[in-house]
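Numbered according to mature numbering (1 follows the signal peptide of the UniProt record, and there is no 0), the sequence shown spans residues -22 to -1, 1 to 500.
Hints may contain errors.
Claimed, not checked - Capping the alpha-carbon separation at 27 Å, the derived lysine-lysine pairs in DSSO-like fashion look like this:
# : residue 1 : residue 2
1 : Lys52     : Lys68
2 : Lys262    : Lys107
3 : Lys31     : Lys479
4 : Lys107    : Lys52
Just so you know, these hints were derived from the structure itself, not from any lab.
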Amino acid sequence: MMALGWSVTFLGVCLTAGQVTGDDELAAYHKLRSSFLQKEDMLMNGASLRLNKVEEEFDRWLTSTVGSLIQQYKKERLQERFVPATYFPKVRSHIENTTLYKVLRKMPKGGALHIHFSSATSLEWIVDKGLLLPGCHVYWPAGSPPSAASPKVPKGALAFFNASQAVPDGYLPASQLLQKPGFQAELLKLLTVQPEDEQLTSAEIWAKFADVFVRTGHFFTNTAAVQQYLRATLEDFLADGVSHVEFRIDLFHDQAHLYDLDGREHRGVDKVDVYSRIVSEMQKSAPHLTAKMIASSFRMRPPEDMEKDLTYAFEVKKQRPDFIVGWDAPGEEDIGRPTLEYAAQLLRVQNLSKAYGVDMPLMLHDGESDWSTLNTVDAVLLGAKRIGHGFNILSHPLLMEEVRKRGVAMEVCPISNQVLRYLTDLRIHPGARMIENGLPVTLSSDDPGIWGARGLSHDFWEATVAWQLNTRTLKALARNSLEYSGLTGAEKEGALRNWEKDWDHFMATWKSLVSDEHQVYV
């Protein structure tokens, strides 16, 4: 009502002073409209950024290209299956064949702050490379899974067994199965979502996700598999214009350790070092690369186990303070425990920080839900520095103001939310409203491997087209991903400095990716 009153008053002042023509009224209205939109624009992410001439030229191309895409969809009468309103597995190939995607892929995007390690890049890697690892076996029964031998093992579950271990019924050596025609394609289908999954409900697609994680769970307890998959993942992110990645990696006090094929165990600091050593090795050839770990528990855990996990994370972080940068408890919210149930444990973070002499920022999965809208409220009030998803935050206008005031970054994952059926049309994704209201927003890809994506470019494409983002906002999103990262102060300064150089280089060379200024499709 305040905005309406302001507009009526403004228009009234413009139209006083005697007889006014219709043209005067229209001119006054256009002046009012322009002023209003300018004020609204100043709320958005990136509003304070000023573009140079090169960036302005890119912005004109971006606006024209996105507009052409939208008009093309309308012309082809595709409104009922507008690409950002279509299930991602159905349109991935289309997206990858657009010039916009090829340009965005080269654009320096900063960091990926919301990534689950075991699905961080395309799971085709498992089918193409992982199956070749020594000792790799796959649960591939001839008929239906034998209920007595392995009642909870889904077909396609991967595991490692050495020559001295007894192999359970139904598991066959991957080397043997690779000789079977069609095996790799069938396994990949079991590890990924498919176009036909569009018909599933959120609960049903979550159940399919759970089966994928069961299939790959044992695979990612193998040290060699973790090392090689991490290397491939970081290579994919670097190729996608992403220089910093923060992986959510399980760190339970009582399970989920790593094992060599000979049975040697890596737990706690030893487990963390398996990851950090690969990062250090890759930095020799890619010095701008940085990667960190967010220690993770699980939303289904009882509060007493959650408390032990949190304390254990502090014990490990004390020994590796620069590699572990935060803590989370992911899991499906609609069937998991509410965040409030863990309030007593999370309120201990400050005392634990004092006791161990290290900070442990909370980076909590919350608001990724059809129902549990209060989880986001609890996450913010309990002191989270970042919120994973925050899909339901629009239900709480006061909370949005609190997020803005506290500088709590929102890790927005548009494709993930669509794949998991929290919405179908990305034009109405709350991430757009977060950006428009000036909340600190970063874009991330969550579990891209499960839907065949790599890096961040697919999410940037969907957001750019669905939300009609401009260059200022894209630049702000990339900067946000480094400014709100878990990097140390010195690392952050270096990362931002390197990103600025990469951004300037991109702006100087992007035209080489576009043979025709108005080209949309390749």
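Check your understanding: Hey, Lys31 versus Lys479, does the alpha-carbon distance stay inside 27 Å?
Key -> holds (17 Å)
Check your understanding: Are Lys262 and Lys107 close enough, with their CA atoms no more than 27 Å apart?
Key -> holds (24 Å)
Review point. Lys107 and Lys52: Cα distance at most 27 Å?
Key: violated (42 Å)
Review point. Is it true that the CA of Lys52 sits at most 27 Å from the CA of Lys68?
Key: Distance ~18 Å between Lys52 and Lys68 Cα, so the pair holds.
Of the numbered hints stated above, the single one contradicted by the structure is hint 4.
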